[in-house]
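So you can see what is in the structure, the chains are spelled out below.
Number of protein chains: 2
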Amino acid sequence: MPEGGGGVAIIVQKYGGSSVADVERIGTVADRVAATKAAGRDVVVVVSAMGDTTDELLALARRISPNPSRRELDMLLSAGERISMALLSMALNERGVPAVSFTGSQSGIMTSDAHTNARIVEVRPFRVQDELRNGRVVIVAGYQGVSYKREVTTLGRGGSDTTAVALAAALDAEACEIYSDVAGVFTADPRVVPEARRLAEISYEEMQELAEAGARVLNAQAVEFAKDRGIAIYARATTGGDGETVVRRHPPRAPGRVVGVASETGLVLLRLPRGELGELVAALERLDSRAAGGKQLRFDGPLGASLVLSLENLHGYPALRHDLDVHLPGVSVVEGVGAVSAIGAGINASFHNVREAARLVGESGADVLGLATSSFRISLLLEEARVPDAVRALHRGLVGEL
Amino acid sequence: MPEGGGGVAIIVQKYGGSSVADVERIGTVADRVAATKAAGRDVVVVVSAMGDTTDELLALARRISPNPSRRELDMLLSAGERISMALLSMALNERGVPAVSFTGSQSGIMTSDAHTNARIVEVRPFRVQDELRNGRVVIVAGYQGVSYKREVTTLGRGGSDTTAVALAAALDAEACEIYSDVAGVFTADPRVVPEARRLAEISYEEMQELAEAGARVLNAQAVEFAKDRGIAIYARATTGGDGETVVRRHPPRAPGRVVGVASETGLVLLRLPRGELGELVAALERLDSRAAGGKQLRFDGPLGASLVLSLENLHGYPALRHDLDVHLPGVSVVEGVGAVSAIGAGINASFHNVREAARLVGESGADVLGLATSSFRISLLLEEARVPDAVRALHRGLVGEL
Chain C
1 MPEGGGGVAI IVQKYGGSSV ADVERIGTVA DRVAATKAAG RDVVVVVSAM GDTTDELLAL
61 ARRISPNPSR RELDMLLSAG ERISMALLSM ALNERGVPAV SFTGSQSGIM TSDAHTNARI
121 VEVRPFRVQD ELRNGRVVIV AGYQGVSYKR EVTTLGRGGS DTTAVALAAA LDAEACEIYS
181 DVAGVFTADP RVVPEARRLA EISYEEMQEL AEAGARVLNA QAVEFAKDRG IAIYARATTG
241 GDGETVVRRH PPRAPGRVVG VASETGLVLL RLPRGELGEL VAALERLDSR AAGGKQLRFD
301 GPLGASLVLS LENLHGYPAL RHDLDVHLPG VSVVEGVGAV SAIGAGINAS FHNVREAARL
361 VGESGADVLG LATSSFRISL LLEEARVPDA VRALHRGLVG EL
Chain E
1001 MPEGGGGVAI IVQKYGGSSV ADVERIGTVA DRVAATKAAG RDVVVVVSAM GDTTDELLAL
1061 ARRISPNPSR RELDMLLSAG ERISMALLSM ALNERGVPAV SFTGSQSGIM TSDAHTNARI
1121 VEVRPFRVQD ELRNGRVVIV AGYQGVSYKR EVTTLGRGGS DTTAVALAAA LDAEACEIYS
1181 DVAGVFTADP RVVPEARRLA EISYEEMQEL AEAGARVLNA QAVEFAKDRG IAIYARATTG
1241 GDGETVVRRH PPRAPGRVVG VASETGLVLL RLPRGELGEL VAALERLDSR AAGGKQLRFD
1301 GPLGASLVLS LENLHGYPAL RHDLDVHLPG VSVVEGVGAV SAIGAGINAS FHNVREAARL
1361 VGESGADVLG LATSSFRISL LLEEARVPDA VRALHRGLVG EL
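Residue numbers (our numbering), protein chains in the order written: chain C, 1 to 402; chain E, 1001 to 1402.
Where hints are given, some of them may not hold.
[Claimed, not checked] Here's a subset of chain E near chain C, in silico, CB distances under 10 Å, partners left out:
| hint | residue |
| --- | --- |
| 1 | 1079 |
| 2 | 1099 |
| 3 | 1192 |
I should point out that these hints are in silico values taken from the structure, not numbers from a laboratory. By construction, the Cβ of each residue, glycine as well, lies at the ideal position given by its N, Cα and C atoms.
Isolated chain C (complex conformation) (with noise of 0.2 Å):
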């Protein structure tokens, strides 16, 4: 039989679209990967598709039709992937490194058929086993897979996290890496918040917390996977160096401290006088096969019963929101709503964190819409424009020393 396989230990990388945006970065990636397997690693690489090519496909198939059939859009988005991985690949062998890339469905990553949100059920690696056995390094298409009727699925935003952590764990590997621009989890979004720290370690529920937040690092599921099959996760920069944030269990930190702040924009905030929560929840059931797609948030705040939708995994809102005229005429829709979050475990025990947010956010100059609490999470609604000087306000008043 060939080398490679049996006793080696198995690496899983990840590298996200700005990762692999040009020619000379999917470079930079498989030289890196050549490093790794040079270190007599077995690597497996789930990569995403290059750049910004998901949002232009994205942008096209709005063009043809304002509610595109998800099945359909599943076929296109899933077209990224092949692209960068196949790219990826021919990069390593011109490095003299033997590798193959596979689609989702070549490397058995099994979904639900809920197109353009799948989730994935089971991973039957077969071919990328194979492949490790023969020496190569095997390249997977990230944030796609297959469902039980054999239709192309996506996971939904981010899942190319999702992929590596299930390939990791369904190949019982060594370590899954995430590579991304950022060199790991800070305590907000650098960009927004210029002292924002990383941090060494973080536990699997804050993360979660945290990416559900808004934080484009990991991706929620991803996270769940991995705290379900006790794999670690490490989130580095893909240019090296700078550390790196390790995600596992690990002792709680004294509760209420605050690790962190998330924010999110295109949100639609769904309004029914108080008492009527139900009633809206159960309209947008009813528009399932519409609002599936979108993450859904339920507030109570000042103003009644209210639920929020993002646009993000939506891909039938002038739909949706015609619909909701038709069937549910007393609900109003505020579009162009954002929110800010702050992370920690046992966050909400006091009614400290909770008043200090609010107080915060106001002073910030926004008018709070809505708020919504949880053991792990404060969150608050806001109009759009005023999220990045609510999340410096969070910071700087709820992030102490860690």
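Position chain E relative to chain C; hints supplied.
Okay, now just chain E, sitting in the frame of chain C:
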């Protein structure tokens, strides 16, 4: 059971890259498909990649590797049709015409495993037939298939035509319509020869020779396929109107009648001293893994035995060139070569046409580097830059009333 299927006639329509080059043109195609469906036919649409997508992807690959893995090239290039077919399917659904898109693999296009130049060996269009029975228009990715090893393959340039004809045969279609930006098959490329005329009909054999000599309007393998299965091909302009050309079995024209002129550029002429053509061919066959993608023409020229490679579909030329220098040091390599050809059944039955062709090309200002004839074709090799003048001269002197 749903409507459609059963006795309803099936039309296969193929749209080339320029017909789906942008969102507006995809809309035009959708209108035409919708009209065909509304006329009571079952419609299968084969699409190429949008505009210059395939060439752009190839250029990316060549920046990464002068000799890219053919298997990875196929993975890369097959992304192009996914994009165009998904967008066309969305455009049809937007028009209220139910549609679904399938990859080559999903459509059952089974091919040989000769990556970048695979041949269709079987079509198993079960999913296509199921969806036609469901009343849907089926959009199929042209140019691609899947090998028995479950690897993605592509069919070489113009392969979408072959996909269309092969599907028409497998589905027992009423007609196979090939749409492009030209209204049928002309006696020469009208951009080069303004007085070129459309042929109302042409035999399979003549069309195949025209295509092999460089006419882009139809792919040679597609015509061969149609000939074997007796399928009539209708070549039309996507914009409609302006007539068509029918390719089918029909009584031969008067022997020696020239029906058209075609040309190729991007050729490389390999020459060895007289008597060593066998050695040259054997050396190329030894280097087969790289040369197989390139069409090979064998010429006997005034300067000895020679062989012509087309750089089209030849994805590893720098490596091949290097190997030739090492393994066949006596070979002379001339790049920047073109070929002009006159086509007609029985064209070389007398010396008249051959002598006239050589005289006309010479008088147009080109040195004739080589000459080859068959019962359907006279081809002359010349410097690439001289091709347009030579085409005009041959057309003026040889193509008579039809």
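Verification of the hints:
no., hint, in the structure
1, 1079, "holds (4 Å)"
2, 1099, "holds (8 Å)"
3, 1192, "violated (33 Å)"
Figure legend: structure checked against the earlier numbered hints; the only hint not met is number 3.
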